[in-house]
Amino acid sequence: MRPLRTVNTHSEIHRWRTRRAQCVALLAVVLFMTTATATALAAAPAGPPPGLPGPPPGAGSGFPAPPAVGSTPAPQPLGPASTIPSHVSGPGLTNGTARVQGRKFSLAIACQGGGRVTVAASSVAGGALAHGSYSCRGGRAVAQLTMSAADAGKLRALGSAVAVVKLGGQTASLTLESRSTPPLYWSDGGLECSLLGNDEPYAAAPNFTVTPAAIIDVRPWVAWYTPAHGWRWLGTNGVGSSSWYSWTATTAGVEQWVTPAGAVNPWTWAPIHVSGGQNTYAISAFEVIYWYKNSRYVWKYGPSVPSGTSVSTYCSFP
Amino acid sequence: MCAMLGLAVFASQAVAAGPPSGLPGPPPGAGTGFPLPPSPGAAPSPTADGAPVTISGTASGPGLLSGTASLSGKRVSIPIACSAGGRVTMSAPGLGTMAQAKYRCRGGRATAVLTLTSATARQVNSLGSVLVRLAFSGGEQLSLALGPRVPVAGTWTSYYGLACNTPAANESSLLAPNFSDTPSTTIDVRPWLAWYTSATGWQWIGTQGANASSWYSWTATPNGVAEWLTPPTTITPWAWAPISVAPGHGTYVIAVFEVIYWYSHPVYAWHYARSGGGPNATVTYCEYP
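Residue numbers (this note's numbering), protein chains in the order written: chain S, 1 to 318; chain U, 1 to 289.
No lab work stands behind these hints, which were simulated from the structure alone. Quick reminder that beta carbons are idealized off the backbone N, C-alpha and C, glycines included. Be aware that a few hints might be false.
Which chain U residues face chain S? A few, computed with CB under 10 Å, are given here [claimed, not checked]:
id: 1; residue: PRO93
id: 2; residue: VAL113
id: 3; residue: VAL150
id: 4; residue: VAL152
id: 5; residue: GLY154
id: 6; residue: SER264
Computed far set for chain U versus chain S, every beta-carbon distance over 10 Å [as the list claims (entries may be wrong)]:
id: 7; residue: PRO40
id: 8; residue: ALA84
id: 9; residue: ARG104
id: 10; residue: THR111
id: 11; residue: ASN125
id: 12; residue: THR157
id: 13; residue: GLU171
id: 14; residue: SER184
id: 15; residue: THR185
id: 16; residue: SER198
id: 17; residue: ALA220
id: 18; residue: THR221
id: 19; residue: ILE260
Residues on chain U that point at chain S, a partial pick, calculated with CB under 7 Å [claimed, not checked]:
id: 20; residue: PRO37
id: 21; residue: THR186
id: 22; residue: GLY250
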């Protein structure tokens with residue numbers, strides 16, 4: 001056994017006290033970080049998301065070139081077999097819509113640590129609309145942000161705008177709205193929660209109709225939420241990335257999906273694997289460009305179908 | 001979910017010959033194992049008829065005496081035709097493992113009594129009818145329709161179905177119902193034959209053999225299956241024939257078809273097919289003494 005050390009001189013006592021203080025401080029820092037991280041991961045509130053995911057990544061941008069004059073869409077590939085990752089890094093929004101009151105709005109964040117946030121909306125202002133910092137407690141943070149009076153006035157005139165949120169190295173899309181508006185849903189298609197298996201949803205595109213007929217480009221998405229990571233997006237090219245698919249929308253639906261016998265087989269994206277035990281919620285969204293003379297862009301959520309004909313907001317995978 | 005262990009109830013009666021006490025219920029794996037959705041705009045590929053098959057009248061694994069059951073409180077009793085005791089586990093998609101029980105086999109019969117948790121029983125009662133899977137310790141997987149009351153399965157209304165003693169004695173032939181739908185939709189169909197003897201209980205044959213069948217794609221239109229229509233009015237349904245039945249076992253046979261209607265949101269159904277005992281006669285099942 002090592003003998004106890006005897007401290008005698010004043011300088012030795014001072015050095016010993018200094019080292020002890022450093023050790024205690026270091027231990028406190030380590031303990032705080034460990035506890036804070038564990039608390040952040042463990043205490044994220046379980047249950048359904050507090051809000052919908054908002055617009056998909058890059059919503060309203062990254063459009064393909066218009067179709068060539070007189071051309072018809074080429075055959076399109078099906079959505080690939082995909083997997084919703086069980087673990088992702090960085091913070092995420094828990095609600096993709098933020099209501100601006102006066103000049104102020106707040107962002108609800110699923111986090112593992114504090115950080116900075118910047119919000120920009122090109123339809124409102126050229127640069128950043130607002131920026132600020134947030135601190136993370138129990139896996140959640142609320143960033144309180146303020147925009148200029150001029151920008152708030154522009155947003156009021158627009159009603160709502162798609163914004164880009166830079167959040168701890170992540171980029172997310174957000175709907176900023178000056179007045180509350182209900183979310184928009186396609187009337188059919190969407191996410192089939194469990195037909196192929198308990199943790200194997202698949203997406204079916206809505207049967208887009210339009211008068212007069214027009215070529216459309218469609219970009220499909222599935223947003224998923226876990227209490228630990230907030231909302232994230234899966235596209236047909238992987239996390240945060242999806243492809244555009246071209247079809248012809250007519251008054252009766254998508255021309256290319258009608259079989260010779262008159263049935264309608266829509267485009268599907270199947271299967272999409274979900275890791276069980278993550279308390280995951282998922283919803284689909286489809287962006288569409290209608291290639292009129294003046295093209296029109298819209299994005300909406302797809303309905304979710306847990307079983308049979310019942311419809312819900314999300315598919316849930318406990 | 002906490003699995004409750006039920007006690008076996010000794011069934012002392014001898015195996016009774018004669019017709020089954022109930023219908024076979026849903027086929028093995030009912031409501032699961034679906035194919036991927038059909039390709040956009042693609043017509044279903046041509047399908048082959050069912051290959052000739054023989055019902056031997058003998059089986060090695062357990063069979064249900066009825067494929068439907070009701071809850072009595074938290075308990076469900078499942079009569080089984082058996083050759084040995086074993087263990088059965090009940091599960092359902094979304095409900096997980098619901099209950100387990102051992103059963104003892106005496107005189108070719110057993111009754112497995114399974115006790116659900118209160119929460120699971122409440123879920124079954126609220127759902128009305130649940131397709132559950134019964135996994136036996138010998139590896140057999142059977143399906144059962146379970147509800148607060150005994151679920152009643154429907155019968156496809158089409159004239160087509162199982163023709164008894166056709167084209168010869170101890171044979172039958174099956175024509176798939178002429179599925180119709182408005183609006184037209186692609187359908188995937190999985191055909192089954194359920195057969196019963198007093199010794200085996202209900203057993204299943206699909207187009208891939210015992211307890212295995214294939215999905216077939218067609219287009220259901222308001223006038224029937226598009227791919228079976230030969231203009232102007234001839235219909236040639238999918239056929240499975242001949243179905244030979246080994247004599248001397250006291251065998252009862254009925255056909256079942258599962259269907260997925262690939263609407264925007266698919267709908268699944270399983271029903272019995274009509275059985276025909278002769279010209280214009282409809283019977284519950286075909287009988288082969």
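**OP:** Return the numbers of the hints above that this structure violates; sort them in rising order.
**Re:** The structure conflicts with hints 2, 3, 4, 5, 7, 14, 15, 17, 18, 19, 22, although it agrees with all the remaining ones.
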